[in-house]
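Undergrad: Full structure from sequences and hints, please.
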Amino acid sequence: MKLKSVKELIASGMFKGPLALGALLSLAVFPEGRDSGKLEKSFEGTDNSTDNGNAGNEDAGNEHTSEILDPGKVPTEWNDAYLFSSRGDASKELDRLKNGPQEINETFRLKFEKLSGPVMLEYLETEKAYSKSIDVLYTYAYTQLSKNVNESFLISLLGSVQDLLTEYKKATAFATVKLTSLGKEEWDRLFSEEPGLESYRAYLEANYMRFIEHRPRDEAQAAYLAELENQRMKLETEALSEITNKVTKAGEITLENGEKFSVNSQSYSTLLSTDPSRENRKNCYDKRFYHLVNESDSMAALYSRKARLDDLVARELNYTDFYDYSLYNLYLTHAQVDDMNAVFKQGKEVFEAYNEFRKKKLGLDVLKPYDLILQLTNQPGKKYAYIDALQEIQKSYSRMDPNFKEIFLKMVTGGFIDVYPDPEHGKQPGGYCTDSCALKAPPLIFMNYDGLIRDQKTLTHEMGHAINFYLMGNSVDYLYCTGTIYEMEIPSTFNEELFVDYVVENSDRDTAVAVLSQQVDDYQNFFTRQPLITEFEYKAHRLCAEKEAVSGAELNAIWTDLSKEYRSRSVEYYPEDSAEWTYINHIYLTSNYYTFNYAVSKAITLALFKQYREEPDAFNKNYVEYLSAGSTMPPEEKLKEYFGIKIDRQLFEDAMDVVELRIQELYKLAREGEY
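Sequential numbering of the sequence shown, starting at 0, is according to numbering that gives the first Met the number 0.
With a Cα cut of at most 25 Å, we get these calculated BS3-like pairs of lysine-lysine:
| id | residue 1 | residue 2 |
| --- | --- | --- |
| 1 | Lys-259 | Lys-367 |
| 2 | Lys-245 | Lys-146 |
| 3 | Lys-347 | Lys-360 |
| 4 | Lys-639 | Lys-620 |
| 5 | Lys-426 | Lys-245 |
| 6 | Lys-563 | Lys-359 |
| 7 | Lys-620 | Lys-645 |
| 8 | Lys-382 | Lys-281 |
| 9 | Lys-358 | Lys-281 |
| 10 | Lys-409 | Lys-146 |
By construction, these hints were calculated from the structure, which means they are not laboratory data.
TA: Following this line, the structure appears as structure tokens:
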């Protein structure tokens with residue numbers, strides 16, 4: 000997952016500017032005015048590896064050659080001192096930045112009354128500089144808080160940064176109102192007056208020109224929207240804290256051997272993935288299943304507050320609702336998403352063959368929910384050391400452009416990854432990758448690595464984001480270092496395909512079957528569960544708009560009814576309504592309606608992977624250019640330009656065909672293992 004940046008937090012309120020690009024989850028830049036020149040220079044020596052795409056060619060003739068990683072030189076905690084060396088420095092930076100919004104207002108308000116091309120360029124450059132400063136502060140606060148969601152200083156710091164963003168939106172509302180109201184002739188005049196604006200044309204089109212029908216009427220409305228957005232940000236922080244501290248902590252169970260077992264976000268997944276004891280898995284599943292139901296009322300109250308704010312913001316900006324708002328920002332249409340959902344609902348039968356495979360492999364008469372993520376290997380509890388996982392991931396990149404190897408090595412040896420879980424001390428669940436484009440350095444990866452096969456895939460998933468960010472940061476202006484959610488998930492899901500192919504080709508049969516079966520599980524997740532979550536959000540938002548108080552039971556019923564449209568008929572689910580929605584981080588984000596993007600990105604990825612297999616050299620050239628281009632052109636135009644791909648019904652049908660082929664490959668592997 001790519002975590003949300005300051006510039007994107009502002010975009011989520013439709014307040015456009017250098018702090019606001021897209022509606023995607025990302026983080027991070029480096030603040031100007033704090034020895035940024037020295038720090039950027041410290042990374043310049045590493046940038047040569049990406050020049051001309053020639054670095055690392057010594058390995059080009061040897062497909063799986065890779066540098067041996069010394070465990071002693073591979074840290075397992077990130078070192079983010081390059082952001083701030085101390086909390087005191089972060090606090091000082093916050094104080095310094097508090098003057099920025101008013102200074103920008105005083106400098107440009109009068110100039111905007113007679114806006115010229117040179118003034119427009121000066122405004123963009125000034126705002127961009129401020130963005131780079133505040134963004135790194137947000138990165139520091141969010142990433143540190145991820146390590147302990149209960150740390151009071153960091154909670155306060157993040158809240159203060161969010162408040163500062165709100166003040167910034169208010170102070171620059173005059174520019175937002177002005178720039179989103181300009182017609183074509185006025186824009187043409189500005190470009191003709193200042194040739195330097197031409198390099199920002201795509202940015203201005205994406206962030207101002209296309210929003211003329213979805214803009215604040217005046218500064219008063221812009222200020223009101225800023226306050227609403229502040230409330231949405233605070234609710235997101237509150238929700239993530241509740242999920243970490245309460246929702247995913249279900250209490251204790253007693254295992255068959257008499258041991259007490261604490262069920263939390265990390266241990267739950269680990270036990271269900273690795274414990275051969277069906278009784279233990281059932282007890283663990285039940286403990287959380289009913290715990291989530293008990294938590295559903297409190298989370299429903301939080302979610303309903305957020306849903307009403309979401310739709311209120313959208314209506315203020317002339318959208319039907321927040322779903323309409325989200326699609327517009329993603330450059331997608333309702334018809335495209337409706338086609339996708341229809342294809343995946345119709346195509347879910349493809350997974351019945353896989354579920355039958357799982358059932359036979361486990362020797363069961365019927366599959367239950369607690370049987371669905373157990374690793375299909377003779378050693379389901381086998382753990383893979385972090386250093387070994389890194390070696391396997393590194394080898395999976397061997398046929399890719401040399402940039403992949405260079406960036407990978409910087410990430411794993413430079414202290415940019417926080418590896419192991421620590422839920423008992425407040426480390427939040429999940430994983431994400433920050434964005435470090437302004438710094439032109441490796442970003443930060445947040446992990447909860449527990450040694451399972453799935454953790455290896457999560458690691459390479461986040462590494463895909465890191466490679467994308469690093470390429471963008473060294474190729475395009477900071478303003479273009481972003482993209483829509485589904486674009487930014489393409490490199491991460493592509494990395495997963497690389498990893499699966501490598502393991503299947505180079506591992507023993509048991510491991511190959513386990514990894515390939517897990518990949519099919521993931522296809523089932525991408526193409527059924529992720530669209531389901533978005534449909535749930537849509538219906539839940541509508542319910543919250545209709546009723547003042549929404550109960551957990553009502554949202555549980557929506558979740559259960561929708562899940563029946565997507566889930567397998569060969570799995571015997573519980574008759575009670577499920578409250579799975581309560582712990583899904585994405586639905587509480589300010590950029591909600593996030594998860595269907597995973598399905599879009601995976602469908603695109605499978606089309607790209609087909610091209611990679613057929614012509615790897617040509618693909619690599621196009622792929623590096625695609626990842627480096629950022630938001631310099633609209634997303635579908637970029638896909639067509641580099642790969643000739645369209646987002647339409649055929650794309651999703653082709654994706655389901657690939658799933659069917661993968662299932663056939665799995666059966667073939669299993670048959671070969673019998674002889």
